[in-house]
Structures are given as C-alpha cells and as structure tokens.
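Chains as they are written, first to last, in the numbering used here: chain Y, 1 to 146; chain G, 1 to 146; chain W, 1 to 146; chain X, 1 to 146.
Treat the hints with care, as some may be off.
Copies of one chain are not kept apart here, so a pair can be met inside one copy or by any two copies together.
[As the list claims (entries may be wrong)] Computed list of lysine-lysine pairs in DSBU-like fashion (alpha-carbon distance at most 35 Å, straight line):
| hint | residue 1 | residue 2 |
| --- | --- | --- |
| 1 | Lys-5 | Lys-111 |
| 2 | Lys-11 | Lys-105 |
| 3 | Lys-135 | Lys-60 |
| 4 | Lys-60 | Lys-132 |
FYI, nobody ran anything at the bench for these hints, they're computed from the structure.
There are 4 protein chains.
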Amino acid sequence: MDISKFKHSIKRRVRTYEVDYQGIVHNSNYLRYFEDGRIEYRRNLNSTLTSSGFFTDGTKIVVVHNSIDYFSPSYLDEELEIFTRISWIKNSSFCFENIIIVRDKLICNGKGILVNINYDDIPENLPELAIKQIKEFEGDNLEIRQ
Amino acid sequence: MDISKFKHSIKRRVRTYEVDYQGIVHNSNYLRYFEDGRIEYRRNLNSTLTSSGFFTDGTKIVVVHNSIDYFSPSYLDEELEIFTRISWIKNSSFCFENIIIVRDKLICNGKGILVNINYDDIPENLPELAIKQIKEFEGDNLEIRQ
Amino acid sequence: MDISKFKHSIKRRVRTYEVDYQGIVHNSNYLRYFEDGRIEYRRNLNSTLTSSGFFTDGTKIVVVHNSIDYFSPSYLDEELEIFTRISWIKNSSFCFENIIIVRDKLICNGKGILVNINYDDIPENLPELAIKQIKEFEGDNLEIRQ
Amino acid sequence: MDISKFKHSIKRRVRTYEVDYQGIVHNSNYLRYFEDGRIEYRRNLNSTLTSSGFFTDGTKIVVVHNSIDYFSPSYLDEELEIFTRISWIKNSSFCFENIIIVRDKLICNGKGILVNINYDDIPENLPELAIKQIKEFEGDNLEIRQ
Numbered sequence: 001m002d003i004s005k006f007k008h009s010i011k012r013r014v015r016t017y018e019v020d021y022q023g024i025v026h027n028s029n030y031l032r033y034f035e036d037g038r039i040e041y042r043r044n045l046n047s048t049l050t051s052s053g054f055f056t057d058g059t060k061i062v063v064v065h066n067s068i069d070y071f072s073p074s075y076l077d078e079e080l081e082i083f084t085r086i087s088w089i090k091n092s093s094f095c096f097e098n099i100i101i102v103r104d105k106l107i108c109n110g111k112g113i114l115v116n117i118n119y120d121d122i123p124e125n126l127p128e129l130a131i132k133q134i135k136e137f138e139g140d141n142l143e144i145r146q
Numbered sequence: 001m002d003i004s005k006f007k008h009s010i011k012r013r014v015r016t017y018e019v020d021y022q023g024i025v026h027n028s029n030y031l032r033y034f035e036d037g038r039i040e041y042r043r044n045l046n047s048t049l050t051s052s053g054f055f056t057d058g059t060k061i062v063v064v065h066n067s068i069d070y071f072s073p074s075y076l077d078e079e080l081e082i083f084t085r086i087s088w089i090k091n092s093s094f095c096f097e098n099i100i101i102v103r104d105k106l107i108c109n110g111k112g113i114l115v116n117i118n119y120d121d122i123p124e125n126l127p128e129l130a131i132k133q134i135k136e137f138e139g140d141n142l143e144i145r146q
Numbered sequence: 001m002d003i004s005k006f007k008h009s010i011k012r013r014v015r016t017y018e019v020d021y022q023g024i025v026h027n028s029n030y031l032r033y034f035e036d037g038r039i040e041y042r043r044n045l046n047s048t049l050t051s052s053g054f055f056t057d058g059t060k061i062v063v064v065h066n067s068i069d070y071f072s073p074s075y076l077d078e079e080l081e082i083f084t085r086i087s088w089i090k091n092s093s094f095c096f097e098n099i100i101i102v103r104d105k106l107i108c109n110g111k112g113i114l115v116n117i118n119y120d121d122i123p124e125n126l127p128e129l130a131i132k133q134i135k136e137f138e139g140d141n142l143e144i145r146q
Numbered sequence: 001m002d003i004s005k006f007k008h009s010i011k012r013r014v015r016t017y018e019v020d021y022q023g024i025v026h027n028s029n030y031l032r033y034f035e036d037g038r039i040e041y042r043r044n045l046n047s048t049l050t051s052s053g054f055f056t057d058g059t060k061i062v063v064v065h066n067s068i069d070y071f072s073p074s075y076l077d078e079e080l081e082i083f084t085r086i087s088w089i090k091n092s093s094f095c096f097e098n099i100i101i102v103r104d105k106l107i108c109n110g111k112g113i114l115v116n117i118n119y120d121d122i123p124e125n126l127p128e129l130a131i132k133q134i135k136e137f138e139g140d141n142l143e144i145r146q
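Construct all of the structure, not just a fragment, from the sequences and the given hints.
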C-alpha cells in the first residue's frame, strides 16, 4: 500500500489491556484500531455513528471481509498513527484500506470490505450524498467499480 | 467470603488476549469472568439470556455496583474456577458474590448489585418464579432484605 | 465523591467494540477507562509506563481493590470525561478515585487501591519523588495515612 | 474451505461483552475465537502455551497475516463451533485455517499465517517433533511447502 494516497489519519495510544502475554499488542486489536480510524474518517466527512447502528448519512454498514499483514509489533503506551482511505466503491459495497505506523516504522496494513444494508439487512446502494463526499475527498485515488 | 456457601461454579481458561503487559490477567477481565459465572448460574436455574437483553424468566438486569479484591495474579492458560452465589434479594435488586480460584489459590473475590428493570428501564420487582428458584437453590444461605 | 477536588481529566470516545448487547458500554470497560485516566494522570506528573511494567519514576503498580458505582449508562460514540485524583497515600499503597461524566450527566464513579512493588513482587515504600509530586499536585485534598 | 478436511473443533459460547452496538459479535472477536481454537488444536497435539510465550514443544509463534470472510452474524449466548486445521507448513512458517459455524449456519472462515521465532525473535525452522505431530494429525490434507 502506498501511504502517499492516504489523506486521513488519527493518533491513538496503545493501552495496558491491549497488550498481551507476549508484551505486544494482540493481533486482534489492530482490527479495532482500523475501525477507530474508519469511524473518524467518516466523522471527517460529517457522518457520525448513532446508537441505532445507522450513520447520520443514512448508511448502515456490515463488514464482509478483513485482511491484515503484520510487519512489526507495537508496544505499551506507544502512539500509533492510523491511516485510512477508501480505495474503491461499487453499488452497495466499498473498501477501506488502513496503515498503522509508529514514528517511521510500519506496524501493519490491511483492508476491509463493507456493505451498506437497509432496515431489513438487505444490501442497498450507497446514498448519493455519501458517494459524492467520498469522491470529493479521495479524488483520483478512488476507483469506481461497476 | 465463605466458599462453603457457594453451590455453583464453572471452569474457564485464561486466554491470550486477556493477559496484559504485566504478564497477568488484566484487572478488568475479572468482572467479565464474574459475569460469565453469573450467566451460567442463571442458566442452571433454567433462565437464559436472549438477544433482546431479557432473560427467559422475564428479568432484565442492569449492574449498579461492582467491587473486587485481588489476592493473587492469574496467568496465561490457567484454568480458573469461578464460584457464584446470590447472597441477598430485595424487591427489585439482588446481590451476586463471586470467588475465583486456581487450584487451591485464591485469585480474587467480589460482589455485584444488580437491579431488575422493565421495558421503560424502570426498576421492577423480581418475578415470583425467579425468587422461588433462587430461594430453592440457595436455601438458608440466602438473605431476604426488605 | 466531590468533583471539585479533581484537578485532572481526559476525554475519550466510546468505541464500537466497547458497547455490549444492551446497547450500552459494558460494565467492565469502566475499569479500563479509569486506568486510562490514571495513566494520563501520572504522565501529567512526568511518569510514564514502560514496557518493563515499571513507570519511569521507579514504581511498579498492582491493583488490590476496585469498586465502582454505576449511575447512568453511556452510549456509542459519546465523549466521556474521565476525572482522576489520588485521595490518599500510605507507605507502599495509595488510592485513586475516578468520576466519569458525559456532558453534565454522572455515568459512574469508583476507586482503586494500588500497591507499589519491587522486582521481587514485594510491597515497597513509594519513592520520595513520587510522593513529593503527588503532594504538590493534590495539595490539601491529599490525605497522608500512617 | 472444505469443512470435511477439519479434524479438530471446540465449542465456545458468545459472551455479553463480545456483542457490540449492532447486537452481533464484533468482527475483531472472531480472530480471538480463531486463536482459542488454534491453542486447543495444539493442546490436542500435547503442546501447551507457557507464560514465557513459548509452547512446550519449543515453538514461539508470531502472526504475520490474518484474513477473514464474514457470512452471517452470530448472536449473544450462541454456542459457536470453531474448526481448526493446519493446511500447510514450510520451514519456519505454517498456515492455520478456521471455520466457525452455529448449528448448520456458516458464520465466518479465515486463515492465519504464523512464523516460529527464537529467543532473539529471528525466524527458526519448526522443530522436527512439531512437524511430525502435525503430519500425523493432518495426514494427506497437509501440504508441505518448500
């Protein structure tokens, strides 16, 4: 993944309960960090998650795929920088990519494919407004899939 | 707490992601283990938790207090024995006590006060059936508070 | 607890994986939030946690007691304000108090008793520097126990 | 993935704190369930995890890749069946595959690539005994990579 394509990042410190018996962040927690980054990415586009499970832009999201490659461990109290972008959108689905670094060291990267669903849990086209905002934010880095 | 008053226990192994940077189970996880024990205690009285948040005996429970004393750490892959009893009941509330041991070593003990609520989140008297089952199970060890 | 005695607080948002089947933050997570607050409180006194398990001021801490009272639930994506103070110190032990609020609503409060230990896991008097810094920060609100 | 190739499974109930704001198991927790299955798989081959981070067969494992596809959500208190197999081994690395079902419903499947490391965190060939045990257990389903 090419970090120069990422326009959004957050910082977040590794907490005591996220480090495991090996003295490193447990591998499952990076999916949580990715999700933290994805929610802040969307907040930055003015869409926030409500307790109904819907975002304020009308989307409701389920994760259908996650993959992650681990390069270096991260440790207690380190400040992670979590980069997030949307790499492609297609009707009802889209793909987040994430990179996590600590200072200049690559910790891991990964991607998640998400699907927009309606009240009946049926896939539904992404709202026009959401597509427009993502296009404007990502610009030429966004792939539109048919 | 007097372990001879406890008539219910479960066993549960310490998992990799529950051990923290100090190489011991993180202090917050014992509240989770207590809750595991409490839910199995209730299953043993034929009441199971449904995804609506209600148990099948009609109760819905919120926690209003937890306290816990830690005596010895527990470690990766150890098999915990989690003891659970109800020590008192009172109109809409009741008290769980828990002890966790590993082999003969006391790890921690604690108690939680829980309140039964209705659909509108208002405290509601415990159902007669639930009271009857708890009384039968706990016998003379149960205190009835007014 | 009297919030006017608290001179330190942090803000922290409720994350998706911290909300449970009842749609509210799981009761165990507040102990994690307390700990987040306590570590930032100490960072504010120039002592940070290293991956050896020791803080940079030479202390190593184990938790021997936690208690918590829950007043109102908190929800997804809410911004918690976590207040932390040290209410008393005594030879090798000391007591943290915490209050969590969301806007003007009291969510929970609690306290934890911690013990300073050495390399052999034996209780050891708190370092003079740590005591001095805590006294200066807390002022008259700090109780010195014998 | 072909479930007929899996010779090992464990059962594990979904806990209250593993269900998120959407009322379903949080996507990150399946990596934890996979790991629970993998550790029990190895216990079944007489290798257990010690608090040093080493298994008793002399291996120490780091995860370098995880991927997971989600097909159906799982819910509070459901009993998951977690299937585990090793699909290939190669010098210092090997691949776990996992499938999770609830009754007859496919919840998710995924794979993880792990690397055996030594005291200095350098990749090291898998011990002969470990290879022998995996070959005997998996039989013709195991691919040996060069």
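Do the hints match the structure? See the list:
| no. | hint | in the structure |
| --- | --- | --- |
| 1 | Lys-5 x Lys-111 | both (14 Å within a copy, 28 Å between copies) |
| 2 | Lys-11 x Lys-105 | both (14 Å within a copy, 27 Å between copies) |
| 3 | Lys-135 x Lys-60 | within (19 Å within a copy, 45 Å between copies) |
| 4 | Lys-60 x Lys-132 | within (17 Å within a copy, 43 Å between copies) |
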